[in-house]
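J.: The chain contents come next:
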Amino acid sequence: MQVLIVEDDAALGLFLQKGLKLEGHQVEWVGDGEAALEWMRERRPDLLVLDLSLPNRDGLEVLQEMQGHFDETAILVLTGRSMLEERVRCLNLGADDCMLKPFSFHELTARCRALMRRRDRYADPVLRHGDVELNRMERSVTRNGVEVELTGKEFSLLEYLIQRKERCCNRAELLQAVWQMSADASTNVVDVYVNYVRKKLGAAGGSDDAGHAVIETVRGEGYRMGSSGGERKQPGRAQVYSVGSTWAQGAPR
Amino acid sequence: MVVQNLAEQMDDLLHALCQPLTVLQCRLALGELSGEASAMRVAISEALGECARVNERVGAMREILQTVERER
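Each protein sequence line maps, in turn, to chains A and B.
114 is the number that the working numbering gives to position 108 of the first sequence; each next residue is one higher, with no gaps.
12 is the number that the working numbering gives to position 25 of the second sequence; each next residue is one higher, with no gaps.
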């Protein structure tokens, strides 16, 4: 699950980030309302943990701005003020739950899980792209009904790309979101894992090329799910630049 | 008016007090979760830093109360 924490207190923000990462989530932390909105527009997380007292647009303004545009994101509001009216306002603006500080870490994680359970009950756990189906609940992937066995990281990579539909994701973004590594880390791990996933999807689709059609390389930019929707392309159709041609491959380094 | 001011000041200080208290509580819980002595030592060290923030804010609340007492 992708989580965004918006908290201006650095100690608390970093702590929450660390704690939720230990729960197995992909977690980012930003310290003000403007940065939160920017991040939301780019990444559309599954869960937003939002403090109300923020610089550059407070939590209420962030909620107002988000209204109607981020229905798929669950919102947990954190507040240090005990005013009932404030909490009611947050809920009316689209927050799913409010927690009063100080709170226990166990309660926070339990509430996050409860929110996601509630979302998942109404949301289809299966992400689809052409003939590829990824089940987030069962952590399984099939192509044309054939099971594709992926490792944890391979699954997270494919999940991230499918969620972004056909939007191009650059290597830095994938490094941060899937591997929780610095954007400027000197590693070819993204390219290598894209190839692993392609090979496995290709095998399920009948050939290695079939894997390349599912995850396309956007030259000089990054990767995205193929516009052909994972179905095999017809010969002669223009192909996007393939990772196998020049980008470094082999073992991750 | 004095009571209203006092209430507003206390609300602000309580809000400020909640930050380090939350970190303190969560930090210790996380250290305990890890179960390792080294993680617990780091948690305690960071928790002591948060205690200093708590003390600072309690001190500010005490000062306000003393001012009100003197004015009475």
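Rather than coming from a laboratory, the hints here were simulated on the basis of the structure.
Just so we're clear, the structure is a prediction, and the values are computed from it rather than from any experiment.
No residue lacks a Cβ here, since even glycine has one placed at the ideal position from N, Cα and C.
A hint or two may mislead.
Here's a subset of chain B near chain A, in silico, CB distances under 10 Å, partners left out [claimed, not checked]:
{"id": "1", "residue": "H2"}
{"id": "2", "residue": "L4"}
{"id": "3", "residue": "L8"}
{"id": "4", "residue": "T9"}
{"id": "5", "residue": "L15"}
{"id": "6", "residue": "S21"}
{"id": "7", "residue": "E23"}
{"id": "8", "residue": "M27"}
{"id": "9", "residue": "G36"}
{"id": "10", "residue": "E37"}
{"id": "11", "residue": "R40"}
J.: With chain A as the partner, please determine if L8/B meets the hint condition of a C-beta pair closer than 10 Å.
T.: Constraint on L8/B satisfied, holds at 4 Å.
J.: With 10 Å as the cut and Cβ atoms as the points, is L15/B at the interface with chain A?
T.: With a closest approach of 9 Å, the L15/B hint holds.
J.: Hint check: is the beta carbon of T9/B less than 10 Å from a beta carbon of chain A?
T.: 4 Å, holds
J.: Please verify that hint: G36/B, Cβ, nearest Cβ of chain A, below 10 Å or not.
T.: 8 Å, holds
J.: Holds or violated: is the Cβ of R40/B closer than 10 Å to a Cβ in chain A?
T.: The hint holds - R40/B has a Cβ within 10 Å of chain A, the shortest such distance being about 8 Å.
J.: Mind checking the CB of S21/B against every CB in chain A and telling me if the closest is under 10 Å?
T.: At about 8 Å, which falls below the 10 Å cut-off, the nearest Cβ of chain A leaves the hint on S21/B intact, so it holds.
J.: Quick check on the hint: L4/B CB to chain A CB, less than 10 Å?
T.: 8 Å, holds
J.: Does the closest beta carbon of chain A sit nearer than 10 Å to the beta carbon of E37/B?
T.: 7 Å, holds
J.: So, E23/B near chain A? Judge it on the closest CB pair being under 10 Å.
T.: 13 Å, violated
J.: Hey, does the H2/B contact hint survive, CB to chain A under 10 Å?
T.: Status holds, d = 4 Å.
J.: Hold the hint about M27/B up to the distance rule: shortest CB distance to chain A must be less than 10 Å.
T.: Violated: closest Cβ of chain A sits about 15 Å from M27/B, beyond 10 Å.
Checked against the numbered hints above, the structure breaks hints 7, 8 and satisfies the rest.
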